[in-house]
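Quick mapping for you: the protein sequence lines, in order, are chains G and H.
Following this note's numbering, the numbering of the first sequence begins with 99 at its first residue and continues without gaps.
Following this note's numbering, the numbering of the second sequence begins with 322 at its first residue and continues without gaps.
Worth flagging that the hints you see were computed from the coordinates, not collected in a lab.
Some hints here could point you the wrong way.
For the chain H half of the interface with chain G, some residues (derived, Cβ under 8 Å), not all of them [as the list claims (entries may be wrong)]:
1. D425
2. A463
3. S551
4. A554
5. K555
6. E557
7. F559
8. L562
Some chain G residues well away from chain H (every beta-carbon gap over 12 Å; in silico) [what the hints assert, rightly or not]:
9. S107
10. G193
11. L208
12. L209
13. S225
14. V233
15. L234
16. M236
17. N238
18. D241
19. G288
20. V295
21. R296
These figures come from a predicted structure and were not determined experimentally.
For every residue, glycine included, the Cβ atom is placed at its ideal position computed from N, Cα and C.
Chain by chain, the residues run as shown.
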Amino acid sequence: MLLADFGTSYCKILDTESGQPPRIVATRDLEPEFCADLATGHNAGRRSRQSINELTALAWGGESLINEPDFVLLDCGSRDIKFIRYVDNRIIDMGWNAECGASMGFTIELLGKYYDLDFNTIPVPDSGFSITCGVLGMSNIFDAVVSGSTEIEAVAKFVRGIAMNGYRFAGSPEKLYLSGGLCDNPLFVGCFPCAVVRLGRFVLLEGLEECIRRNG
Amino acid sequence: MQPRRVGIVGVPPLSVIRKLNREQCLIVDLDEPQIRKSIELSSNYLPRVYCAILRTVVLNAMHLKLDTIYIDVGPGKCDCALHVAMVLDNILRIPVIKTRNLDDKPFGTSICRSGMPLLEKFRAITRAVSSDAAEAQLPPCAPVAGFWGVPPRDFSILSLFPDTTHIYGWTRCMENKTPANMELETYYNSDVPTVFFAQSFCAKTALAHHLARLHPRSLFLDCDVTAGNSARAKIEAFLELSGVTARRRIS
Numbered sequence: 099m100l101l102a103d104f105g106t107s108y109c110k111i112l113d114t115e116s117g118q119p120p121r122i123v124a125t126r127d128l129e130p131e132f133c134a135d136l137a138t139g140h141n142a143g144r145r146s147r148q149s150i151n152e153l154t155a156l157a158w159g160g161e162s163l164i165n166e167p168d169f170v171l172l173d174c175g176s177r178d179i180k181f182i183r184y185v186d187n188r189i190i191d192m193g194w195n196a197e198c199g200a201s202m203g204f205t206i207e208l209l210g211k212y213y214d215l216d217f218n219t220i221p222v223p224d225s226g227f228s229i230t231c232g233v234l235g236m237s238n239i240f241d242a243v244v245s246g247s248t249e250i251e252a253v254a255k256f257v258r259g260i261a262m263n264g265y266r267f268a269g270s271p272e273k274l275y276l277s278g279g280l281c282d283n284p285l286f287v288g289c290f291p292c293a294v295v296r297l298g299r300f301v302l303l304e305g306l307e308e309c310i311r312r313n314g
Numbered sequence: 322m323q324p325r326r327v328g329i330v331g332v333p334p335l336s337v338i339r340k341l342n343r344e345q346c347l348i349v350d351l352d353e354p355q356i357r358k359s360i361e362l363s364s365n366y367l368p369r370v371y372c373a374i375l376r377t378v379v380l381n382a383m384h385l386k387l388d389t390i391y392i393d394v395g396p397g398k399c400d401c402a403l404h405v406a407m408v409l410d411n412i413l414r415i416p417v418i419k420t421r422n423l424d425d426k427p428f429g430t431s432i433c434r435s436g437m438p439l440l441e442k443f444r445a446i447t448r449a450v451s452s453d454a455a456e457a458q459l460p461p462c463a464p465v466a467g468f469w470g471v472p473p474r475d476f477s478i479l480s481l482f483p484d485t486t487h488i489y490g491w492t493r494c495m496e497n498k499t500p501a502n503m504e505l506e507t508y509y510n511s512d513v514p515t516v517f518f519a520q521s522f523c524a525k526t527a528l529a530h531h532l533a534r535l536h537p538r539s540l541f542l543d544c545d546v547t548a549g550n551s552a553r554a555k556i557e558a559f560l561e562l563s564g565v566t567a568r569r570r571i572s
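If we strip away everything but chain G, and leave its shape as in the complex, we get (with noise of 0.2 Å):
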């Protein structure tokens, strides 16, 4: 069965009898003709067979992967983030931000390939900007640059904002689960002012795999 995580600038692909792990491809490489068995994100719909909504899959995949009864697990994507929370066992509270957190893993990766930044080498300010979202966001780095700032700064604490947005987004929890592709990002993971648990990209994926388990 091919499963597939759409999102918005790379697609995570499955295939369940292949035995190979989940391929990673840029969602403009993908082939027009691809259409997935079960799938989530944005082209679910036009792109599959049948399909989950996000929230869902983020959930479904947090249950398999979470051993704890209670947890907060945030995704952070290209566009847009969403969270879910748990106690006792049972979903409690949910959000899904597509239009205030807009472009928030896109831009970070727009900025790191336009500065040619390593985010692995980049220190975690002490301080961050307050920020909207990715596009506004953009302002207050050429505000710090214009004003002596270096690139580096500007946007680590850019960076560190965004964070932050997601942060408090998700209730402020202790503890957080992290999913996405910025879990890879060192820099994005080291401005939370709180427990980070990076589950990597393909949480979605193991959502949908749950899905098959539960109603296979």
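Model the placement of chain H on the given structure of chain G, informed by the hints.
Relative to chain G, chain H alone:
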């Protein structure tokens, strides 16, 4: 002779509705979209960041040919309606009559508890505001989910719920024709997963948020003019993860 066209906002007292029906007036519910024009046109008179229901009221009032408007401004509606009443009075050349509905005779809530599709329930309840008669009693169904709140500006979210969803909150007060009944408005059913709906910038948002915190299985949902994918996905996921929606078959 053409019947008088009377706009109503909120739930005016039954005595007013009776009078209008007796005079065979055509009652137009200004809380609901009545014309196909952009809600942005209301921003000449109201801020853009404002309750979408009251923005709709102003949009309707600007474009419909009405003879009179009755606007309920009492505890059965909201303080914002009082302010909007002043706006309407200033911009229109028709009588804008403020009412304070304190009716306390219960007409029943059988539609809220029936097994009709949720969208149909809301349509029936909002339609009944123009009537002074009791609705036919419908048989109740056992609820599997709850919708608490005012009628949303965007009815499309209602189709996401199963037919066996019961309605609570101010909409239940509407059907009961007691819009200021706080005890009925704050009632919810702890046994069923419930979406506490808040129309953005509505004063009742605080109540929705508070009650959602008290309810053991709740989703607080805030929506403005139209419900986006995010809001729809939250409802779908909440119902699915609460075990309300049907098991899917994966093939």
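Problem - H:F559 as an interface hint toward chain G, with CB separation required under 8 Å - result: 7 Å, holds
Problem - Cβ separation check - G:N238 to all of chain H, threshold 12 Å - result: At roughly 23 Å from the nearest Cβ of chain H, G:N238 sits farther out than 12 Å, so the non-interface label holds.
Handout entry: Interface hint for H:A463, Cβ within 8 Å of any Cβ on chain G
Key = 21 Å, violated
Problem - 12 Å Cβ clearance of G:M236 from chain H - result: Correct as stated: the minimum Cβ-Cβ distance to chain H is 23 Å, above 12 Å.
Problem - Agreement of hint H:E557 with chain G interface, Cβ distance less than 8 Å - result: Check passed: Cβ of H:E557 comes within 5 Å of chain G, closer than 8 Å.
Problem - Assertion that G:L234 lies outside the chain H interface [Cβ separation over 12 Å] - result: 17 Å, holds
Practice task
Double-check H:A554 for me: the hint is only fine if its C-beta lies closer than 8 Å to a C-beta in chain G.
Solution key: With Cβ-Cβ at 4 Å, under 8 Å, it holds.
Exercise for the section: Hey, is G:D241 genuinely clear of chain H, shortest beta carbon separation above 12 Å? Expected result: 26 Å, holds
Handout entry: Assertion that G:S107 lies outside the chain H interface [Cβ separation over 12 Å]
Key = The claim holds: G:S107 sits with its nearest Cβ about 18 Å from chain H, beyond 12 Å.
Problem - Verdict on G:L208 as a residue remote from chain H, using beta-carbon distances over 12 Å - result: 23 Å, holds
Handout entry: Beyond 12 Å from every chain H Cβ - status for G:V233
Key = 17 Å, holds
Handout entry: Given hint H:K555 near chain G, where the shortest CB pair must fall under 8 Å
Key = 6 Å, holds
When the structure is compared with the earlier hints, violations turn up for hints 1, 2, 10 and for no others.
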